[in-house]
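Participant: The primary structure of each chain is shown beneath.
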Amino acid sequence: MELDELKSQLKHKLATDHTGRSEEDIAILLTKKTNSVIAKLKRSLRIEIISCILITLVFAFIGLTSKTFAFRIYFSVFTIVSIAFLIPMFYLFKRTATLGGTAFPIKSNLQTIVTIIEEFIKRYFQFTMALLPVCFLFALLLGYHDKEPNQHIDSLAKSLFSSLWQVILFIAVYCILLSVGIYYFTKWYLKKLYGKYVSQLKECIRELTEE
Amino acid sequence: MASEKEFVSLLNQHQKIIYKVCNLYMDSHADREDLFQEITLQAWKAYENFRGDAKFSTWLYRVALNTAITYFRKEKRKPAIFSTDTVPDQTEETYDPIEEQVKAMYTAIGNLSKIDKAIVMLYLEDYSYIEIGEMMGITANNVAVKMNRIKIKLKEDTQQQSANF
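Going line by line, the protein sequences match chains A and B.
The opening position of the first sequence corresponds to residue 1 in the working numbering, with each subsequent residue numbered one higher.
The opening position of the second sequence corresponds to residue 1001 in the working numbering, with each subsequent residue numbered one higher.
One or more of the hints may lead you astray.
In silico EDC-like pairs for lysine to aspartate or glutamate, Cα to Cα no more than 16 Å straight-line [said to hold, decoys possible]: (1) B:Lys-1114 / A:Glu-210; (2) A:Lys-107 / B:Glu-1131; (3) B:Lys-1103 / B:Asp-1027; (4) A:Lys-7 / B:Glu-1033; (5) A:Lys-11 / A:Glu-118; (6) B:Lys-1114 / A:Glu-118; (7) A:Lys-32 / B:Glu-1033; (8) B:Lys-1151 / A:Glu-24; (9) B:Lys-1155 / A:Glu-23; (10) B:Lys-1151 / A:Glu-203; (11) A:Lys-32 / B:Glu-1004; (12) A:Lys-7 / B:Asp-1126; (13) A:Lys-7 / B:Asp-1027; (14) A:Lys-11 / B:Glu-1004; (15) A:Lys-94 / A:Glu-2; (16) B:Lys-1016 / A:Glu-5; (17) A:Lys-202 / B:Glu-1131; (18) B:Lys-1153 / A:Glu-23.
No lab work stands behind these hints: they were computed from the structure.
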C-alpha cells in the first residue's frame, strides 16, 4: 500500500489522541519555563556573565588595593583575563537571545544552534586551557615572594627532596600531569554536556544537505 | 508587545497542529505533554516577530517542527518507539484490512528519521514541494527526491511488517 492511498486516514490518526486544551490551559502554559537546550545554554551564559562581572570587580579591587606586589600582579592579570572572557560570553548570549524570537527554516535553525553551541564549547575550552599557564606562573610567583615560609610544607619538602633539581622536576611533572588531566577532563565534560546533542543536530543537517 | 490574549486564541484554534507534531515525534504521554508545553512556549516567544506574511498555521508548523527536531528528551525516559495505539483499535472481532494498513504505515512513519518525519507531516498536510522546501530550508527538487525515497522506504517497511505478521 502506498502512502498517498492512506493520506486521509493517516491525517486523521495523527490528529486524534488528545483531549484538547482550553484557552485558560494554554495561558497557564505560557507562564512555565522552557526546557530547550538553547534556553539552558542562555541560563548558563547568564550565570557565567554575572559571576564573571562579580569576580572581575573583586579581583580589580584586590589588584588595586593590595600592599603585596605578587597579589597586585596576580589579581590585576586575572581582572584582564576575566574581562577578556566576558566579551565572547556577551556575544554568545546576544546570539542565543535572537534565536528564540524568530521562526527560521529548519535547516538554518539547526545550523545556527550548532554554530552557537560549538562556539560556546570552543571558547569555554580555550579559556580553561589559557588559565592553566597563568595559574602556574602566578602560583610560583606568589610562593617565591612569600616572606613567611610555611613550616609544615618546608619540613615535608626537606624530607622528600634533597636537591633543587628534584624540586624543579617535581613541579614540572606536577604541572604537566595537571594540564593533561584538566585537558582531558574539560574535553570529556563538554562532550558529555553537548556532544551527543550536537552530533544529532549535525546528522539532521547532513540529511537535509544531501541531494 | 504582542497580545497574549490574541495569541492564546489563535493557538487554541490551531492546537491540533501541535498535537500532530507531538504524536509524530513522541511516544509516551508524558513526553508529548512536555513537547506540547515547549512548542507553546517557543511559539509565544516567536510570536512577537510574526508579521502575518505567512498563514498562522504555516508559521506554527515551522515553529513546532523546529522545536520537535531540536528537542532533547529527558534521559530518564525511554526512547521514542512510535506508538500504534494512539487511536482506540477496532474490536478484535471486526478485522479491518484498511485499518491494519494504516497502522502499518503509521508504524513505518514512526521509524523514519526526524527530518523525514517532518517532510512526511507537511506532505500529509498537502503543502506543495515549494512550500515544504521553504519550511525545511532546502530546494523543491530536493524535497521531491527525498519524498520519493521516503515513499519507497515506507512501502518496503510496510511490506516487511506484513511478511513478519
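Participant: Each of the hints needs a verdict: does it hold here or not?
Facilitator: Okay, the hints, checked on the actual structure:
1. B:Lys-1114 / A:Glu-210: holds (15 Å)
2. A:Lys-107 / B:Glu-1131: Given pair A:Lys-107, B:Glu-1131 holds - Cα atoms ~14 Å apart, limit 16 Å.
3. B:Lys-1103 / B:Asp-1027: It holds: about 15 Å lies between the C-alpha atoms, which stays within 16 Å.
4. A:Lys-7 / B:Glu-1033: Given that 16 Å is the threshold and the Cα spacing comes to 26 Å, the pair is violated.
5. A:Lys-11 / A:Glu-118: Distance of about 38 Å is beyond 16 Å: violated.
6. B:Lys-1114 / A:Glu-118: It is violated: about 22 Å lies between the C-alpha atoms, which goes past 16 Å.
7. A:Lys-32 / B:Glu-1033: Measuring from Cα to Cα gives roughly 13 Å; hence the hint holds.
8. B:Lys-1151 / A:Glu-24: Outside the cut-off at roughly 41 Å; violated.
9. B:Lys-1155 / A:Glu-23: Not OK: B:Lys-1155 and A:Glu-23 at ~40 Å, beyond 16 Å, violated.
10. B:Lys-1151 / A:Glu-203: Status violated; Cα separation ~21 Å.
11. A:Lys-32 / B:Glu-1004: holds (14 Å)
12. A:Lys-7 / B:Asp-1126: holds (9 Å)
13. A:Lys-7 / B:Asp-1027: violated (21 Å)
14. A:Lys-11 / B:Glu-1004: Distance ~30 Å between A:Lys-11 and B:Glu-1004 Cα, so the pair is violated.
15. A:Lys-94 / A:Glu-2: Given that 16 Å is the threshold and the Cα spacing comes to 47 Å, the pair is violated.
16. B:Lys-1016 / A:Glu-5: It is violated: about 22 Å lies between the C-alpha atoms, which goes past 16 Å.
17. A:Lys-202 / B:Glu-1131: violated (23 Å)
18. B:Lys-1153 / A:Glu-23: violated (40 Å)
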